[in-house]
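Residues per chain, in single letters:
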Amino acid sequence: MNSLTKMKNTAQKNKYIYHTRGVCPPEIHFKINSGTIEDIRFVGGGCSGNAQLVTRLLEGKPVAEVLESLVGIDCRNGTSCSDQLASALHEVNKGQLHSAESFRVANDASPKRRIGLIGAIEGKADIVDKLIQHIQASNVETFYWLGNLTGDSIQNQDVIKALRKQKIIALQGERDWQYARSKEEKGMPPINQSQRDWLFRLPQVLSFQLDQRKGMAFFGDFIQSLPDYSDFEPFALEINMVCGLADFMQDETVFPALEAMLPQIQTDIVLFSQTQKWGHWQVGGKDFISVGPASDDDKIYWGILEADSETIHFKVMDAEVEGGQYE
Amino acid sequence: MAESVKVLPDNIQEIIEVQEWDMRTREGVERFRQLKAKSLPTVALDGELIYESIIPMQEELIAEIEKRYKEKNQDA
Chain P
0 MNSLTKMKNT AQKNKYIYHT RGVCPPEIHF KINSGTIEDI RFVGGGCSGN
50 AQLVTRLLEG KPVAEVLESL VGIDCRNGTS CSDQLASALH EVNKGQLHSA
100 ESFRVANDAS PKRRIGLIGA IEGKADIVDK LIQHIQASNV ETFYWLGNLT
150 GDSIQNQDVI KALRKQKIIA LQGERDWQYA RSKEEKGMPP INQSQRDWLF
200 RLPQVLSFQL DQRKGMAFFG DFIQSLPDYS DFEPFALEIN MVCGLADFMQ
250 DETVFPALEA MLPQIQTDIV LFSQTQKWGH WQVGGKDFIS VGPASDDDKI
300 YWGILEADSE TIHFKVMDAE VEGGQYE
Chain X
0 MAESVKVLPD NIQEIIEVQE WDMRTREGVE RFRQLKAKSL PTVALDGELI
50 YESIIPMQEE LIAEIEKRYK EKNQDA
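As you go down the protein sequences, you meet chains P and X in turn. All letters in the first sequence, in the order written, are residues 0 to 326 by numbering that gives the first Met the number 0. All letters in the second sequence, in the order written, are residues 0 to 75 by numbering that gives the first Met the number 0.
Incorrect hints may appear among the rest.
[Claimed, not checked] Okay, the calculated beta carbon distance ranges per label pair:
| no. | chain 1 | residue 1 | chain 2 | residue 2 | range |
| --- | --- | --- | --- | --- | --- |
| 1 | P | Glu184 | X | Gly46 | 50 to 58 Å |
| 2 | P | Glu184 | X | Trp20 | 48 to 56 Å |
| 3 | P | Pro110 | X | Trp20 | 35 to 43 Å |
| 4 | P | His279 | X | Glu47 | 30 to 38 Å |
| 5 | X | Glu47 | P | Arg200 | 45 to 53 Å |
| 6 | P | Gln223 | X | Gln18 | 19 to 27 Å |
| 7 | P | Arg163 | X | Gly46 | 32 to 40 Å |
[Claimed, not checked] With a cut-off of at most 16 Å between alpha-carbon atoms, the simulated EDC-like pairs for lysine to aspartate or glutamate come out as follows:
| no. | chain 1 | residue 1 | chain 2 | residue 2 |
| --- | --- | --- | --- | --- |
| 8 | X | Lys35 | P | Asp246 |
| 9 | P | Lys166 | P | Glu140 |
| 10 | X | Lys37 | P | Glu258 |
| 11 | X | Lys37 | X | Glu51 |
| 12 | X | Lys37 | P | Asp250 |
| 13 | P | Lys111 | P | Glu305 |
| 14 | X | Lys35 | P | Asp250 |
| 15 | X | Lys37 | P | Asp246 |
| 16 | X | Lys37 | P | Glu251 |
| 17 | P | Lys164 | P | Asp128 |
| 18 | P | Lys14 | P | Glu90 |
Hints listed in this document are in silico derivations from the structure and should not be mistaken for laboratory results. Predicted model, so just to flag it, every value in this text is computed and none were measured. Ideal Cβ positions, reconstructed from N, Cα and C, are used throughout, including at glycine.
Same shape as in the complex, but just chain X (with noise of 0.2 Å):
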């Protein structure tokens, strides 16, 4: 899954911060149980759960994560 989000074009990647946790960890499993996940791979967004079960295109990964980057800047 990380392999996914590594392969951003980099005007994506500027804007993102990509965190990674090992699920055979006890930090990892944590995560896991704070985002209310039930499988994998799993891709949150902002701490939300967005995708399950399944690796997203780029393309909707990248829509997802402009939507965001505008909603949290549209303020600004």
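With the rest of the complex left out, here is chain P (with noise of 0.2 Å):
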């Protein structure tokens, strides 16, 4: 039912991201290729014009030359951006400042009307099954899984031995990340290096299309922790605005601030599953949906999103239940 084909890692091995010190912009986005510099963008303030002039001039130019151009032009606090790439382009050839990856993304390019959602199952692979035969009578084109895949379980293992052998879509939480890093909490059940590589690759964002919405998916705010998180990559602004303005989506009070910034969110569906509770808000046109916890002590819970031209639905379904809608 689900396929991995078509979907694509859209991190760029050569991609830098150099957090500049005293000029406007915050960052510096671009790419070196074979010794040129590439895709230079002076991102999230200062002189637009200035910045695509210098962008123009010095695309798919060598290092070296740049850097002759660059060094020590003032503007402002004793630098410039054109003085702050360069000493971005210093601390690459130092190795100092090393490839940006803000987080892994995957696209889900087909578009679908009918989705399932898992959130965390936390190792407890004795549901596994029960939830994918209950998906699949449920005639749902794919379901994606939200993380957290791991869990204080011993099972943790077999949980990830199954996704794998069905290649289910499935995102990384926070502790997939830690087991992915060998980071896990001290007396967490250990899981093999092949298994914490799967996790590690797994995306931590992925974007769908629900007949013509677009939608998109991560766990948490573990994202913006991530050694090079930007704020000005694609999905960073929802990311940003469920995780730290509505507190994923527990702070009704700043709703309205929320509403003011969607109409710069690209998506219009936003998942997101750190909270362990399930829940969807309709604000500004958009729908933002909690994906609660698999399994509590006694039911097994998945998500079903649905899409007609009019409007979305989404509805907590009981795996224990035959086609059983949880109220």
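Got two chains here, separate frames each, mind docking them using the hints?
Now the structure itself:
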């Protein structure tokens, strides 16, 4: 049912993000390809026209040549955008600035009308089969697993084996990220290196399409603390608004501010799962959905997201009941 | 909103420092939360939320700034 063949990892290995000092744009993004500089972007502020000129003049030039032109230009605070770019290139040359991967984005490109959503399973391998069977019987076109896949469970390895076998579209959760870097909390059940590597390569953000609507999914705020996280990458605004501003939609008092920011958001549907609660909010014509846990003491849950031409519908399902909707 | 501050007359510009936060960024959102603001645009003076959801008339903003400036400097 699910296919990974259309998923594309959009991360760039030779992309750099430099956090500036003393100038208007807080970040400079650029790429280095075989010793030449490409795709320079002064991000987040500054003189747009000048920045575009600098970008055009330097595009495709060898780094060594570019450095000669940039060093020592003073605009403010004893530095300038050009000077900061020179500093960035120096740091690349010295190996002090590493190639950036803000977060890994996967794209499920083919539009769907009915999608299954699964939240934190946290290593409970014994419910995986029941969940998948129930979802497959519900005529969804695909389903997304939003992490955490692992938890404080000796069955973590079995969960990973099952998901790898099914080729399920799964997103990395915070616990999975800890396991991926061998930085899980003390006392957590071990998993093998191959499984850590599989967790490491999981996408952290999923882009999808529900009918005519664009959607994105992520686990939670651990993405904001990734080493090269940029506030100006695609989908970062959605993440910043949900995690930082609206406290995962728990703080309705800031919804007016959220609504004011929404015209800048590219997606129509935002899915997240950190809070371990099921919920659906419609703000400013956008849908925000919190995907709750896959199970509690006596029930197994998943969600259905459906679209018609007018609106989207979301409901929580009970996998213990045939065709059952949980209320 | 920052434009309404940038066009304040020189005598006002001389007595204020302007800090603008970008709400797209984590830093901007954090500052917004610290101020306990609820909507946009927002103007705070000396860390106190003064205007929300409105862009004040220039005269009103100038009067508020001058009032605070006088209060802070009356003992100087």
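Evaluation of the provided hints:
no.: 1; hint: Glu184/P with Gly46/X: 50 to 58 Å; in the structure: violated (38 Å)
no.: 2; hint: Glu184/P with Trp20/X: 48 to 56 Å; in the structure: violated (35 Å)
no.: 3; hint: Pro110/P with Trp20/X: 35 to 43 Å; in the structure: holds (37 Å)
no.: 4; hint: His279/P with Glu47/X: 30 to 38 Å; in the structure: holds (36 Å)
no.: 5; hint: Glu47/X with Arg200/P: 45 to 53 Å; in the structure: holds (48 Å)
no.: 6; hint: Gln223/P with Gln18/X: 19 to 27 Å; in the structure: holds (22 Å)
no.: 7; hint: Arg163/P with Gly46/X: 32 to 40 Å; in the structure: violated (52 Å)
no.: 8; hint: Lys35/X with Asp246/P; in the structure: holds (13 Å)
no.: 9; hint: Lys166/P with Glu140/P; in the structure: holds (14 Å)
no.: 10; hint: Lys37/X with Glu258/P; in the structure: holds (11 Å)
no.: 11; hint: Lys37/X with Glu51/X; in the structure: holds (8 Å)
no.: 12; hint: Lys37/X with Asp250/P; in the structure: holds (10 Å)
no.: 13; hint: Lys111/P with Glu305/P; in the structure: holds (9 Å)
no.: 14; hint: Lys35/X with Asp250/P; in the structure: holds (11 Å)
no.: 15; hint: Lys37/X with Asp246/P; in the structure: holds (13 Å)
no.: 16; hint: Lys37/X with Glu251/P; in the structure: holds (9 Å)
no.: 17; hint: Lys164/P with Asp128/P; in the structure: holds (12 Å)
no.: 18; hint: Lys14/P with Glu90/P; in the structure: holds (14 Å)
Going through the hint list in order, the structure does not satisfy hints 1, 2, 7.
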